[in-house]
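Novice: Protein chains in written order, with this note's numbering: chain A, 1 to 586; chain E, 1001 to 1170.
Simulated from the structure, these hints should not be mistaken for laboratory data.
Please note that a few of the clues may not be correct.
Claimed, not checked - For lysine to any residue, the following SDA-like pairs were computed, each having C-alpha atoms within a straight-line distance of at most 20 Å:
1) K184(A) <-> N1018(E)
2) K1069(E) <-> R188(A)
3) K1069(E) <-> Q186(A)
4) K184(A) <-> L1023(E)
As the list claims (entries may be wrong) - Some residues of chain E that are not near chain A, with every Cβ distance over 12 Å (derived):
5) G1028
6) S1059
7) L1095
8) Q1106
Built from N, CA and C at the ideal position, the CB exists for glycine as well.
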Amino acid sequence: MSTTQIPGAEIILKALADQGVEVIFGYPGGAVLPIYDAIYQQNQVRHILVRQEGGAVHAAEGYARSTGKVGVVLVTSGPGATNAVTGLTDALMDSIPIVCLTGQVPTHLIGNDAFQECDTTGITRPCTKHNYLVKDVNDLSKVMHEAFHVARSGRPGPVVIDLPKDVCMALAEYTPPEKIDLKKYQPRVKGDLDKIREAVKLMAGAKKPVFYCGGGVINSGPSASKLLTNLVRSTGFPCTLTLMGLGAFPASDKQYLGMLGMHGRYEANKAMHDCDVMIAVGSRFDDRITGRLDAFAPDAKIIHIDIDPSSINKNVKVDVPIVGDVAHVLEDMTKIWKSTQASPNKKALSAWWKQIDEWRAVDSLKYTQGTEIIKPQHVIQRLSDLTKGMDSYITTEVGQHQMWAAQYFDFDEPNRWMTSGGLGTMGYGLPAAMGVQIAHPDSLVVDVSGEASFLMNMQELSTIAQYRLPVKLLILNNFYMGMVRQWQELMHGGRYAESYMESLPDFVKLADTFGMTGLRTSKPDELDDVLKEMIAIDGPVIVDIHVDPKENVYPMIPSGAAHDEMLLGPEDTAATPMSEEGMVLV
Amino acid sequence: MTRDETVNFHTISVLVDNEPGVLARVIGLFSGRGYNIESLTVAEIDDARNLSRITVVTSGTEMIIEQIKAQLGRLVPIHRVSDLTLEGPHVDRELALVKVVSTGDQRVESLRIADIFRARVVDSTNESFVFEIVGDTGKLNAFIELMRPLGLADISRTGIAAIARGTSSL
């Protein structure tokens, strides 16, 4: 065996290559110069230079979410690391596999308040799945490989490796991944068969069942979505998806109820409230889903499949907990469903569907597109229609436009939808779209944005220009922080404190300064042409669409309310004033 | 849906890698998620395998206790989480060093009570004793209360170390 001693920085690059990393997103600085030097001297790993470290993490998230691979970030010490914190927290909340390499001052200076020093492992401990400070170059190979293992296995999440400059320059031998013992962290993937049998029995006896599925299905890989789709179809049960789960079950399927939750469809939330058996798959009973907990699905027996034991019984008491990877559990569940020849109660089920169809008839997503002003919902609906059948990916920022995108864009496949669900990070979508486009250079990538979110990370326009990424930045411009304005209207007497966006740039000219195409319209009859032009242009486009500034997102379950207390439109709002307890909730 | 809202104390043993930051991870988990720590002790127990044992006494409803264990269980350097309170009888012990500053009758009385409690004198001057007492938390509390009127000046307690009774091990 050879004992070639190489610098830590080269070990890092070798480890990245052996982990199958093709691209990293980063920003250089003093503490990471040895790593950048090693990047310069190799051709396997491509580096994408962002314009601020926050953008690097979101780009890596978009890359990871759209490919199922681990997204990799490289930033310098101090401000480089602290700028990455929002993205790391975002990835933790949405279970996105990220490995973030942070530079650090040399080991002998740690704790001395050196230039660009911060306690990176201390700061990132609560916002990562795990983190490491490498003090000895001989540990470096192991830490690198272990970090990738931790990031991608179990419930995925972000992992930080803090790398002091002297460690990157010191010499050691490189150890490839197959020689590293990773037994320590081995989350359970196979579900308990007895529990799965119990679940199947419950399902077979259900009269008003519903599948409630989330981002865990996406994280489990495309096979999980296929298994889910087949199982839902063979049971004949209705299926609703969370914001993070969109695409896990085809939106075009007649058993699909649409998204549930605070801005979910009427039929989805009503079905959740009235169901007698709920099959929760890779979803975590977030407060945006459950509404008021004591009124959540009062008659339901709940089956919960999740790879993270801490998700089970966290907010809602579960009757049949199944800890395991969604794909593994669904595979076993399908086998047992078929082998026991379980047949659902057909009569009860058809009565249930009749009830659901009545709820559907309410048409909770209806809106009227007039001739004067563009309705934001209409933009998304047209985008969805015009891109049907195309190889397309959608990212969003956070706010009203995000909800409209979730409500009106039809996703038939997983990994096509990138949004900041848990943390709700404005400024996520633009850099995330870059990451998606890097991974899928020939696909149509659209960032559905609001004008306020757009401004939060628009420095990345420069990155988009540099790499000629043909992303489409579609701004639903309502001249307000729309969701803030909506809450102020509904809950704070219409006192619009600081939610009006003054001094917006001319987005068309902005596009021009970066060498992109800028388009603008405020006329409903021009909308289709503008969207078609956007799709047709082979390059980055900023589209500034002036939409109705007064439009609110409906339906809405106000915070502190139950699933059957939905507001369907402005006329409901006046009738039901917000409760005091609801006001304090976010 | 009915939930058991009774708050109970649980003694939880955690086997962890003895590495920098592991205690911060555990403490950060408790503070970040708003769980209580009544007592926490940590020390290396196996230097060959580089393992430490953390004993934490916490309180909460059944659902919270279950969450605490699940949250601890998913930390990467944690090997095992064991709820001693749930898993059968266990022994828990704490050590306290109690300084009593007094003279005359009070001094004699403190020594007499220490004898009843089987506390040892580990330091003595003409005006003070340091007693070392080992026992469960209730015994230590009782001893300290009795010392209070007798010139109690300083207390240092280790927190609880606990282990399952019988043949089972962590």
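Novice: Please go over all the hints and tell whether each is borne out by the structure.
Specialist: Here is how each hint holds up against the structure:
no.	hint	result
1	K184(A) <-> N1018(E)	13 Å, holds
2	K1069(E) <-> R188(A)	16 Å, holds
3	K1069(E) <-> Q186(A)	17 Å, holds
4	K184(A) <-> L1023(E)	18 Å, holds
5	G1028	6 Å, violated
6	S1059	18 Å, holds
7	L1095	30 Å, holds
8	Q1106	47 Å, holds
Of the numbered hints stated above, the single one contradicted by the structure is hint 5.
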